[in-house]
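There are 2 protein chains.
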Amino acid sequence: MKTGRRPTIDDVARQAGVSKSLVSLVVRGDRHVSPERRASVLRAVGELGYRPNAMAQGLVQKKTRIVGVLVSDLNNPFFADVIAGIQARARAIGYRVLMSTGDRQPQHEDEAIETMLQLRVDGLILGSPMTESAQMVRASKELAVVVIGRPARAASVDSVADDGAAGALAVVKHCVSLGHRRIAHIDGGEGAGATERRVGYEAAMRKLRLQSEIVVGRGAYTEAGGHQGARELLDRRPRPTAIFAANDLAAIGALNAIEEAGLRVPQDISLVGYDNTSLAAMRHLSLTTVHQPRHDIGQMAMDLLIERIRGVRVKPRRVVLAPTLVVRTTTAPPPRDRIVPSVRRGRPNRRMSTVKAK
Amino acid sequence: MKTGRRPTIDDVARQAGVSKSLVSLVVRGDRHVSPERRASVLRAVGELGYRPNAMAQGLVQKKTRIVGVLVSDLNNPFFADVIAGIQARARAIGYRVLMSTGDRQPQHEDEAIETMLQLRVDGLILGSPMTESAQMVRASKELAVVVIGRPARAASVDSVADDGAAGALAVVKHCVSLGHRRIAHIDGGEGAGATERRVGYEAAMRKLRLQSEIVVGRGAYTEAGGHQGARELLDRRPRPTAIFAANDLAAIGALNAIEEAGLRVPQDISLVGYDNTSLAAMRHLSLTTVHQPRHDIGQMAMDLLIERIRGVRVKPRRVVLAPTLVVRTTTAPPPRDRIVPSVRRGRPNRRMSTVKAK
DNA sequence: TGCTAGCCTTGGAACGTTCCATATTTACTA
DNA sequence: TAGTAAATATGGAACGTTCCAAGGCTAGCA
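Protein chains in written order, with numbering that gives the first Met the number 0: chain A, 0 to 357; chain B, 0 to 357.
Certain hints may be false.
A pair holds if it fits inside one copy or across any two, identical chains being indistinguishable in the list.
Stated by the list, open to error - Keeping only pairs whose Cα atoms sit at most 27 Å apart, straight-line, the calculated DSSO-like set for lysine-lysine is:
| hint | residue 1 | residue 2 |
| --- | --- | --- |
| 1 | Lys19 | Lys140 |
| 2 | Lys61 | Lys172 |
| 3 | Lys172 | Lys206 |
| 4 | Lys19 | Lys314 |
Keep in mind the hints are simulated off the structure, nothing from the lab.
It should be emphasised that the depicted structure is a prediction, and the values quoted were computed from it without experimental measurement.
Required output: the full structure, derived from the provided sequences and hints.
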């Protein structure tokens, strides 16, 4: 780490024998510059190792061409693809992406947001934030804000999220079609979109005439949260025959708890996750789950943000994506079905209609 | 998004009826300010919603109190804990952390680094970068640089990494002690530290007189890389009885490939990963792997960076951590042992000494 | 009373850019 | 040939802070 003064645009100008204004033009690629001067400026830039100071630029331009992305949890591979989508779009239009995380702690998230605001990023994408909505609104007074994973309430904030209720309904229907009735849910606590999924689960249970079987274990969007929620559920008698976890991470935690209890998935208990992360797709795990188009979500979020930044749109947009169920091998008919061999691999639909008719 | 001009320090000064210098003092918590003035400044700050402009501050102070962190792969949960460690230390001393990723593409990583340099962050932590060493050296001419996961070569760059050769040796010894001889390696390609692990594997094999059994499949620090490397190895005849993957992610990919081939782990093939990520610890996977103290690594990297930033140290430091083997359930004696029932659960050491004596 | 030593406060110069208005040169048109 | 437009180039004023030197005030002390 050499600590000699870094070369400035003035140094380059002196070396190249031109004005700093001209250096500025060359560096920014303006075309009204004579080839000779351009060449000598570029040479000076190379010789001195000049690198424009983004802070000085930002100060005078009143924009940074930086978007900030808050990631609620780096342990969740969900965000890897979302961010890839964001970056792809950002790169295409010459924006830079800087990330930050609050480790799922609202206070830390607020600090991270504050940092971004002080840096005067042009826009902010909040990935499944834990922080409360008031913070977003506050931020949205100052810059463009898009939230991912939970529907925004404020008119100044756009959002991209899947339809958690629809996803939950698909899960419950799937379980019912396999013959399950005691379908429990492990919720995502304060996590983004967790309420939609839980309420969606409850509504789906009611819709399928299973309101008396509604059971929700307290969890979180983490392995530990899923583990704890599952323990709570496994202690109940009668035990649920299917567990719908709020996300894949929680499902893995639940799987651990189930195996610790000496039970097998899916023979004794069926298990469903949410998000269809790379984890769920692991052949070894092969988790039935709900798919969200992560890369698209990222791209969409960036598109919305740019519209806001450019001011081409003022009205709020709530993008709601239709989730799809991905059936893998952690779901199967409930154990009691197994005593009737002929029903074991029976057509799911018949059983579902039976339940509906009840 | 309201786009009225944001309040500046001058607005606050006017509103509070003091000079902007005084506002600056109050905002930064200087104690030589009278209580009344402080109160009125604070009131004005609240009323106007003033937020200091970090760019203007950085410009005049010639420092930002920001450290940049490059994450090579957001899919790898390895970095979640490392970053938690970095953040913990940074928070304690009033630094902010901004992250960036190049999605394992050297060119994108270079761009991310360039962004950080233009922003004039005070220091840079490179998490297992794919970019070549020359880029780091270039960056280290301008600011403090610490690299994680690979030993630095340049005198201007510090590093925190585990002893890949020692880790590889522990893995090979463990496999040999179980009775394996055909122990293959899936390498990490261009990934940080991959060379150390591969070379360490080869050295360990030679040390244990198994040089004729050295086989390396081409892979990467990703699930896909591990999958491909495993396919390569599984095609060989005779097939290896144990596979040592360059990291946990690759091990998972290998596991998929092994199961696709109709083989079982550990009955037919033993599998070992590296990093002891949360993935490996999953009860359902229960991967034998090599542990790295991730949180400590992050803290250590931040400590080194701060020393450099503060200029209290000029000489380079290479922190090398001793890895430890974590034996779980993906390793077992090779299949041919199974034909001799009495040996099936025999003491590993005896078998190991046998191999050594050969 | 005069002196000194803090405390508190301030104006203006920096920081490294871009933007703007203007100057100069060149090329084209009538 | 003069006049005009376009292409090039430039100096200085911003941008929003902190830093620095200096000034006023108060209190304590001889």
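Structure-based check of each hint:
1. In this homomeric assembly, Lys19 and Lys140 come within 27 Å of each other (Cα to Cα) only across copies, at 24 Å, whereas the closest approach inside a single copy is 36 Å.
2. In the homo-oligomer, the alpha carbons of Lys61 and Lys172 never lie at most 27 Å apart, since the shortest distance is 52 Å inside one protomer and 60 Å across protomers.
3. When the C-alpha separation of Lys172 and Lys206 is checked against a cutoff of 27 Å, the pair qualifies only within one copy, where the shortest distance is 10 Å, while the shortest distance between copies is 59 Å.
4. In the homo-oligomer, the alpha carbons of Lys19 and Lys314 never lie at most 27 Å apart, since the shortest distance is 42 Å inside one protomer and 37 Å across protomers.
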